[in-house]
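**Q** Let chain A serve as the given structure and place chain B on it in line with the hints.
First to last, the sequence lines map onto chains A and B. Counting from 1, one number per residue, gives the positions in the first sequence under the numbering used here. Counting from 1, one number per residue, gives the positions in the second sequence under the numbering used here.
Treat each hint with caution, since some may be false.
Unchecked claim - Simulated pairs of lysine-lysine, BS3-like, Cα-Cα distance not exceeding 27 Å:
1. B/Lys106 - A/Lys105
2. A/Lys48 - A/Lys117
3. A/Lys206 - A/Lys233
4. A/Lys260 - A/Lys281
5. A/Lys5 - A/Lys105
6. A/Lys5 - A/Lys150
7. A/Lys260 - B/Lys71
8. A/Lys48 - B/Lys71
9. B/Lys28 - B/Lys71
10. A/Lys233 - A/Lys260
11. B/Lys106 - A/Lys86
12. B/Lys28 - B/Lys106
What the hints contain is simulated information worked out from the structure, not anything from laboratory work.
Residues per chain, in single letters:
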Amino acid sequence: MSAAKVMIVDDSFFSRTLLAETLQLGGCEVVGEADSFDSLIETYNNCKPDIVTMDIVMPGTDGFECSRALLMNDPSAKIILVSSMKDEETEAEARRIGIAGYVQKPIDGEYLLNIIKNILSPDTLYEELIESAPGIFNEALSQNITRMTKTPVSFESMDTFDDTYVSQGITTVIGIIGRYSGSMILDLSSEAAEQIVEILLHRPSKNHEEVLAMVAELANIIAGVACSMLNKKDKSYSLRVSPPSVFFSSNSEIASPNLKIQASYAQTTFGSIFLGIGFKKGAASWI
Amino acid sequence: MDINLINPLILSFIDILPQIGFQSVERKGLSLVASTLDYDGVLVNISLVGVLKGAILIGMSLDSAKEFASKMMMGMPVTDFDSLAQSAISEMGNMVCANACTQFSKVGIDGLDISPPVLLIGHNGQATLPVPQTIAVQFLVDGIEINVYVGLIEVNG
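Isolated chain A, as found in the complex (with noise of 0.2 Å):
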């Protein structure tokens, strides 16, 4: 592996020296340093950096704003916060904000060094888990909608979610965490989900709420059916599901921007229905 390019964010000129010392010892290449909220971007763009250490406090900002603003201008910004304090709330909105890893003060020169070459490094649960999760998901639908109608279920795999997709009438969302987060996305048209519900109710559906429940039950076992399979595969997943949020609409279009989703269309006996997933990479230092 070359050598890392980092850049440094701090106010302090001595820790910012210290840090390059111990960065460069460890074979690193420290190719840029900002000492504020306003030379951050532009230092960033310029110096196109692996690795972004960043401190929490400074004056007249903290390392949450800064990180923020980085990972606005570019969601794939690998930044390591520095702090003094340990706490958890603090590692946990870090996380969620979407900021890779998280050093105590003083620093360990040998553990950051760890951290960015664990960020840097390709993650192989998370390479195995978007290789396989299409699949399970997949094999859930089909299990299910077998299981509940007795009618056959075949895929046709869609290559690309990149840019948008317009819904056939009822998508579902449900939301997934654990080790790495994730979506779900079912899609189907109002007319499939009421040819479904006859099926199971053995009458027509009174009206559009049961057919919309129906859904949100079926994209629900779904989404906990694979689930639970992925957690089997690999207990360290931990996933778990939110409940469904169904959206009802003649023509809207679902994006997920900044998540890459796996889609694949299920043939079924009641016209097609999108099946979507996709996670996000973890954070390689909390781990």
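**A** For chain B alone, kept in the frame of chain A given last:
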């Protein structure tokens, strides 16, 4: 649903938006509504899991979303609600909700986590949150109207 559950989110809006380029954050209305609500324009869905479960929706008209994204990108003109503008709005949602979890922990509700944002863009749409009631709150952010819906339930045990 306990109406006080809205406070951490309000604090988060007031805390975060000034950090991403906005001068004034005013809270307008606050009401308790049913679990199904209408939307027109852009809606960001962020799910929450923990001792509270459910979702937070942040909605605005398409024009407001373009104006909002433009302000976030330091005044860069936004004529289409393209992937860059979509990314800005969803990042805002992510940061506000991430900070809301921190605000929740300050009142003793710990360990909440959020899922990545999903965006819906459409007209005359309807959203149903997995709760009996939803808290709706309106903000005026530098003159841009934002509707936020919070549908959370306490999970026992």
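**Q** Against each hint, give a clear statement of whether it holds in the structure.
**A** Each hint tested on the structure:
no., hint, verdict
1, B/Lys106 - A/Lys105, "24 Å, holds"
2, A/Lys48 - A/Lys117, "18 Å, holds"
3, A/Lys206 - A/Lys233, "41 Å, violated"
4, A/Lys260 - A/Lys281, "11 Å, holds"
5, A/Lys5 - A/Lys105, "21 Å, holds"
6, A/Lys5 - A/Lys150, "57 Å, violated"
7, A/Lys260 - B/Lys71, "25 Å, holds"
8, A/Lys48 - B/Lys71, "24 Å, holds"
9, B/Lys28 - B/Lys71, "21 Å, holds"
10, A/Lys233 - A/Lys260, "22 Å, holds"
11, B/Lys106 - A/Lys86, "16 Å, holds"
12, B/Lys28 - B/Lys106, "24 Å, holds"
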